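Asks: Residue 741 is where the sequence shown starts when you use this note's numbering, and the numbers rise one by one after that.
The set of hints was computed from the structure by calculation and includes no laboratory data.
From a predicted model like this one, the values you see are computed outputs, not experimental measurements.
Straight-line distance between alpha carbons at most 20 Å, and here's what the computed SDA-like set of lysine to any residue pairs gives:
| no. | residue 1 | residue 2 |
| --- | --- | --- |
| 1 | Lys-823 | Glu-758 |
| 2 | Lys-844 | Leu-807 |
| 3 | Lys-854 | Ile-781 |
| 4 | Lys-773 | Val-852 |
| 5 | Lys-844 | His-761 |
| 6 | Lys-844 | Ala-751 |
| 7 | Lys-746 | His-761 |
| 8 | Lys-854 | Glu-798 |
| 9 | Lys-844 | Ala-809 |
| 10 | Lys-773 | Phe-851 |
| 11 | Lys-823 | Ala-755 |
| 12 | Lys-780 | Thr-855 |
Label pairs and their computed distance ranges (CB to CB):
| no. | residue 1 | residue 2 | range |
| --- | --- | --- | --- |
| 13 | Lys-825 | Ala-747 | 30 to 36 Å |
| 14 | Lys-828 | Ser-742 | 33 to 39 Å |
| 15 | Gly-778 | Ala-747 | 29 to 35 Å |
Glycine residues also receive a C-beta, built at the ideal position from the N, C-alpha and C atoms.
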Amino acid sequence: MSENNKAILEAANAAIAEGNHEGFLSFCTDDTKWIFLGDKILNGKEAVRQWMATEYVEPPLNIVTNLIAEGDFVMALGDLTIKDKDGKGTDYSYCDIWRFRGGKMVELRAFVIKTEVKAETSSAV
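Let the sequences and hints guide you as you build the complete structure.
Replies: Below you can see the structure in the form of structure tokens.
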């Protein structure tokens, strides 16, 4: 079951990379719940659809560094860049914990942190 859930998440992420929101949503239950810790909660597929329409104006660049699965859960660790309507990108690091039910994504707990690249300085000693 765990490996199957990883494959489902990978297929869903591939749909997002192609800008196919409906393809992604086909992997979610109708009563899916997305919890962005410290930010907002989206209840139901329609709420997620509306959020994607405003947040994913352009497909995000999503680099998954680790996928760990156990039972009904898959944890994805990675970095992503989301562009706004003006094409300005914002970088984030995230840990998503997905819960599956019946081969579909029923709940997301997302820990997302905005990151900024800071110039490192060095001085010769």
